[in-house]
Amino acid sequence: MDLLAHITFTQLLDYIGTVAFAISGIRLASAKHFDLFGAFIVGLATAIGGGTIRDVMLGNDIFWMKNPIYLILTGMSLIWVIIFNKRLVRQDTTWFIFDTIGLAMFTVIGIEKTLGADGNYPFWAAIIMGSMTGAAGGVIRDVFINEVPLIFRGEIYALACVAGGLLYWLLWYCGYDNVTCGLVCGFVVILTRVLAVKYKINLPVLKGEQ
Amino acid sequence: MDLLAHITFTQLLDYIGTVAFAISGIRLASAKHFDLFGAFIVGLATAIGGGTIRDVMLGNDIFWMKNPIYLILTGMSLIWVIIFNKRLVRQDTTWFIFDTIGLAMFTVIGIEKTLGADGNYPFWAAIIMGSMTGAAGGVIRDVFINEVPLIFRGEIYALACVAGGLLYWLLWYCGYDNVTCGLVCGFVVILTRVLAVKYKINLPVLKGEQ
Amino acid sequence: MDLLAHITFTQLLDYIGTVAFAISGIRLASAKHFDLFGAFIVGLATAIGGGTIRDVMLGNDIFWMKNPIYLILTGMSLIWVIIFNKRLVRQDTTWFIFDTIGLAMFTVIGIEKTLGADGNYPFWAAIIMGSMTGAAGGVIRDVFINEVPLIFRGEIYALACVAGGLLYWLLWYCGYDNVTCGLVCGFVVILTRVLAVKYKINLPVLKGEQ
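Protein chains in written order, with the numbering used here: chain A, 1 to 210; chain B, 1 to 210; chain C, 1 to 210.
Please keep in mind that the hints were generated in silico from the structure rather than gathered at the bench.
Errors might be hidden in some of the hints.
No copy labels: a pair is met if it fits in one copy or bridges any two.
[To be verified] List of simulated lysine-lysine pairs, DSBU-like, C-alpha gap at most 35 Å:
| # | residue 1 | residue 2 |
| --- | --- | --- |
| 1 | K113 | K207 |
| 2 | K207 | K66 |
| 3 | K113 | K86 |
| 4 | K113 | K200 |
| 5 | K32 | K66 |
| 6 | K198 | K113 |
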């Protein structure tokens with residue numbers, strides 16, 4: 001408990017998101033009959049993939065390479081899936097909420113890391129990096145399990161990050177501090193995603209030739 | 001028009017290539033019933049994916065992160081596909097030419113960025129980077145739509161970049177300036193690809209076991 | 001022969017691994033009817049993909065961009081596959097051994113490059129980088145041929161790298177020099193993989209819902 005007392009609220013949300021993302025990867029990998037190692041790697045890639053691509057593109061040190069907590073959380077997620085297995089379906093609502101919290105948190109982290117990076121990047125680039133931090137892990141997961149990435153055809157996901165990012169930009173432009181901007185951004189990401197799922201709001205599908 | 005007057009000839013070719021690449025991605029995404037957001041992302045990845053990998057490998061700042069034109073052009077490409085939709089087939093020859101111009105331009109940009117980078121890279125590495133700038137976006141596109149990358153089985157594409165790059169090297173070795181080298185390189189890329197398509201020239205297919 | 005005399009034992013193992021990895025990529029590409037260029041690219045990506053991702057993540061110059069030997073070895077591998085083609089099956093045991101030597105060598109190289117990099121990375125991160133150097137090329141290969149990555153479902157492969165890496169860590173902790181650590185690490189990788197294949201030891205498969 002003493003250990004937990006040193007975890008900030010921001011870190012707690014980051015860790016919740018990591019576990020939720022890892023579990024989504026591990027579950028999809030297990031549905032494809034991956035072995036334990038494969039499931040662990042897919043879970044890890046889902047959880048840390050977006051942030052890794054962000055750090056590579058910003059020229060940062062990779063965030064998880066000096067802090068083993070992300071590996072440990074992925075290992076714990078794997079054990080969780082093994083224990084609960086088919087009963088995980090009952091936890092679906094909980095994991096949906098945690099996944100959405102993670103999406104919001106990762107977006108805020110991605111925006112702030114880009115604004116704080118050396119490159120002096122414009123704000124729209126920070127929004128893209130925030131959305132990528134939130135959504136790219138899921139794309140890597142789907143490439144690994146050899147499926148068309150869900151976020152390209154399904155529900156509103158990365159677009160919730162963009163909406164949150166735009167609000168961050170607006171408030172930041174109006175002179176608000178980064179805690180306020182981050183809280184509102186995260187809230188908008190969660191709200192957008194929850195409303196989109198609840199009211200089954202989808203983007204139009206392009207009807208192409210062939 | 002005043003705005004356009006400030007666009008150099010090189011930029012114009014770069015932008016034409018960006019639109020042609022984005023449209024190829026958006027069309028293939030729409031054939032797979034991606035939603036608008038998914039189609040936009042696939043179009044964007046096709047247009048900027050090769051240059052992004054190049055910049056990451058060279059340790060450069062990512063080229064599109066400080067200039068919103070590539071995002072804007074991808075957005076315009078999406079609108080174009082929505083408006084013309086099934087009538088796009090009639091524009092096939094035009095888009096083939098623009099795509100080939102883009103391939104040539106991206107190859108030249110990739111070669112020159114590598115030669116101008118810090119690493120003091122050999123010329124053959126610049127040719128690989130040029131070919132990757134031209135062809136890797138299409139590979140990412142095909143991975144996203146969950147197909148075997150077209151350039152690995154189909155017509156001569158990246159090999160046209162290699163041919164152009166070798167000519168660049170030859171002329172550069174003979175002491176020509178980079179404008180001449182670039183023009184000849186681009187011309188060879190276009191010529192190789194057009195001739196290969198016109199006369200249906202393909203590489204032999206490896207007949208493997210199994 | 002004078003040329004070969006300048007190749008160190010370490011380089012020899014590195015080159016053997018490169019050829020074995022390239023051949024595995026080229027064979028799988030040819031089974032999918034890729035053309036010569038596509039097969040070459042898949043072979044190259046299998047051979048140098050893991051090390052490239054490692055160098056990008058460490059912020060190093062990319063290892064193959066200043067030394068053409070990896071391209072040349074991939075070209076030779078392509079010629080080898082063309083010449084032997086269906087008779088390659090008879091060489092399967094040889095290529096299995098060479099592939100395993102490559103896996104061991106790439107793991108050691110990845111660990112040592114991470115420990116020698118600027119970032120002052122912890123040892124567990126070096127083990128991950130070593131395993132990625134050994135195994136990520138095969139994942140890229142499988143993504144390119146549009147299959148679920150073999151190492152996520154099949155035999156023990158990357159886990160052999162992890163086992164070797166842990167032994168490296170233990171010996172290094174006990175004060176042994178890097179030559180001893182590297183030799184033992186490589187030996188453990190080879191032993192783990194050979195035993196796993198010989199006795200058909202696999203990891204348990206997660207039985208997921210759906």
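K198 and K113: within-copy, between-copy, both or neither at 35 Å Cα: within (31 Å within a copy, 48 Å between copies)
Within, between, both or neither: K32, K66 at alpha-carbon 35 Å: Answer is within: at 32 Å inside a copy they meet the 35 Å cutoff, but 40 Å across does not.
Within, between, both or neither: K113, K200 at alpha-carbon 35 Å: within (32 Å within a copy, 46 Å between copies)
Intra- versus inter-subunit Cα pairing at 35 Å for K207 with K66: Classified as between: cross-chain Cα gap 33 Å, same-chain 46 Å, threshold 35 Å.
Copy assignment of K113 with K86, given that the CA separation must stay at most 35 Å: So K113 and K86 fail the 35 Å test inside a copy (38 Å) and across (42 Å) alike.
Same-copy or cross-copy closeness of K113 to K207 [CA-CA at most 35 Å]: neither (38 Å within a copy, 38 Å between copies)
Violation of the numbered hints given earlier is confined to hints 1, 3; the remaining hints are satisfied by the structure.
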